[in-house]
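Asks: Here are the chains, one letter per residue:
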Amino acid sequence: MKWISPFVIKQKPFRTSLILAGVSLACLLLPFGVKAFISSNLNIVYTPFWGISSKLTGAFEVYEINRQLKRTITGQMLELSTLRAHERENIRLRDLLGFKESVEYELIPAEIVAVDPKRRQNAVIAEVASDAVVTPNLPVVNVEGLVGKTMSTMGDVVTIELLTSPDCRAAARDANTRVLGIVRWDGGRHLLFDNVELSDSVCMGDTVITSGLGGVFPENLPIGTIVSISRGKSPFFKSIYIRPFVEFRALDELTILKRSEN
Amino acid sequence: MVRDILLFLGLILVVLFYQTLGVDVVNIGLARPDLIIIIIVWLTLTRDLTWGVAFGFGAGILLDSQSPQFLGLGAFLKVFAAIAVFLISHRVRTESLVIRIGLVAGVVTAHDILYFLVVYSFDPHLELITLLNMIIPSALYTSLVAAGVLYLSERQLTIRFES
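Line by line, the protein sequences are chains A and B.
In this text, residue positions in the first sequence follow this note's numbering: the first is 1, and each later residue adds one.
In this text, residue positions in the second sequence follow this note's numbering: the first is 1, and each later residue adds one.
The set of hints was computed from the structure by calculation and includes no laboratory data.
Note that the structure is predicted; figures quoted are calculated from it, not measured.
Check the hints yourself; a few may be wrong.
[What the hints assert, rightly or not] Negatives, chain A to chain B, calculated, CB over 12 angstroms:
(1) 15
(2) 63
(3) 176
(4) 216
[Said to hold, decoys possible] Counterexamples of contact, computed for chain A against chain B with all Cβ distances above 10 angstroms:
(5) 39
(6) 65
(7) 68
(8) 192
(9) 225
(10) 235
(11) 249
[Claimed, not checked] Derived CB-CB ranges, DEER-like:
(12) B:29 / A:91: 50 to 60 angstroms
(13) B:1 / A:73: 54 to 64 angstroms
(14) B:69 / A:61: 41 to 51 angstroms
(15) A:33 / B:4: 33 to 43 angstroms
(16) B:1 / A:46: 24 to 34 angstroms
(17) B:69 / A:16: 22 to 32 angstroms
(18) B:22 / A:176: 33 to 43 angstroms
No residue lacks a Cβ here, since even glycine has one placed at the ideal position from N, Cα and C.
All chains, full assembly: derive it from the sequences and hints.
Replies: Shown next as structure tokens:
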């Protein structure tokens, strides 16, 4: 160790080093309260960097979301083009078979402004454009699926009866097996897919859509997914419950479907 | 003098950026490159001991402020690391890149072993687990990064044996 001593004694940097090492050790031996005080003051230096860090992280997250959305859009563009091809094919085949033209619907946007105080669970009050002509018994949907139907109108204010109302029923069918039934609310968390005979084939997870046979709702509006199938009390019908796609407690923008005049 | 101060502040800024932004990006499992040790070694070898010690103390105390309980520990060990590098550089020919990388690996390992010994209150079991899972991988990772950094600064790396 003899070679160290000349450095320590003669060189100025060594004296500086020893002083800084001593200061570091002194810091280490300070009471915790003092150390916390010093640390909190030193941490101020980090503040702008944490700010930049959080902004960069945010930007990176936005970039990731954007990338995912672009991928989704690309997939959906492809799906859309396939569906358009199917639509054209469908039109050609319908022409060949002499099927009636499918009905066109006018879309009337409606915004919920209140819930019906007397029927909080079952009806909402929405506002439509003042020039929109809305009559009772028009189907109401949102981006998730079937919501209900119009019940009464007064100027540009419309009362909408929800599918969770005991008085609202929708003719429906299993989208996979085409089995027909009636969807109604029977007081629980889910909707009842009623009038499905014991011999009819339905499966868990199947999507239930409107059948268009009831006269109010057009066909193919999504209602929900089958979540339970049991024999039930009736000797003839299954007890089938579906979880609706629509979140009835979080409704916001709705669309009223009106048969086009043309 | 002004250039020296600017360089010093610039290096501190690099450390702050690295600690807040970079360290999470470059981590591989528990292994993280110890940029501060690389800079300490580089400064001590290319400039002089004062630079290495001052930077080690500054960066160390800033890093310690993240865990107030051990305020001063990191700074002390980094000052000690700079002194060790300086003394070794006077006994070993550190012009060779392999030696320099070995020096970085050794300093990182010794620094982390001593740091975690104190943090874990000299618990040998915890120390051994940390050594295997974190310290050695970090030392290897730091050596790899140091290889690049020191290679780039090779032209400046001239040790003054006669000083």
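Asks: Can you tell me whether the CB distance of residue 69 (chain B) to residue 61 (chain A) sits inside 41 to 51 angstroms?
Replies: violated, 33 angstroms
Asks: Confirm or reject: residue 225 (chain A) is not an interface residue toward chain B, with every Cβ-Cβ distance exceeding 10 angstroms.
Replies: holds, 40 angstroms
Asks: Please check whether the beta-carbon of residue 216 (chain A) is more than 12 angstroms away from every beta-carbon in chain B.
Replies: Its Cβ never comes within 12 angstroms of chain B, the nearest being 57 angstroms, so this holds.
Asks: Against chain B, does residue 235 (chain A) hold up as non-interface, every C-beta pair farther apart than 10 angstroms?
Replies: Fine: 64 angstroms to the nearest Cβ keeps residue 235 (chain A) off the interface.
Asks: Could you see if the CB distance from residue 1 (chain B) to residue 73 (chain A) stays within 54 to 64 angstroms?
Replies: Distance hint for residue 1 (chain B), residue 73 (chain A) holds at roughly 58 angstroms.
Asks: Going by Cβ atoms, does residue 39 (chain A) stay more than 10 angstroms from chain B at every point?
Replies: At about 4 angstroms from chain B, residue 39 (chain A) fails to clear the 10 angstroms cut-off, so the statement is violated.
Asks: Quick check for students: does the CB of residue 176 (chain A) sit more than 12 angstroms from each CB in chain B?
Replies: Residue 176 (chain A) is indeed farther than 12 angstroms from all Cβ atoms of chain B, at 47 angstroms.
Asks: Please settle this one: residue 68 (chain A) was flagged as non-interface, so is its CB more than 10 angstroms from every CB on chain B?
Replies: Given a closest Cβ separation of 20 angstroms, the condition holds.
Asks: Does the claim that residue 249 (chain A) lies outside the interface with chain B hold up, using a Cβ gap greater than 10 angstroms?
Replies: Correct as stated: the minimum Cβ-Cβ distance to chain B is 39 angstroms, above 10 angstroms.
Asks: Was residue 192 (chain A) rightly flagged as not at the interface, with every chain B Cβ beyond 10 angstroms?
Replies: Its Cβ never comes within 10 angstroms of chain B, the nearest being 52 angstroms, so this holds.
Asks: In this structure, is the beta-carbon distance linking residue 22 (chain B) and residue 176 (chain A) contained in 33 to 43 angstroms?
Replies: This hint is violated: roughly 53 angstroms between Cβ atoms.
Asks: Measuring from beta carbon to beta carbon, are residue 69 (chain B) and residue 16 (chain A) in 22 to 32 angstroms?
Replies: holds, 27 angstroms
Hint check: violations occur at hints 1, 5, 14, 18; the rest are consistent with the structure.
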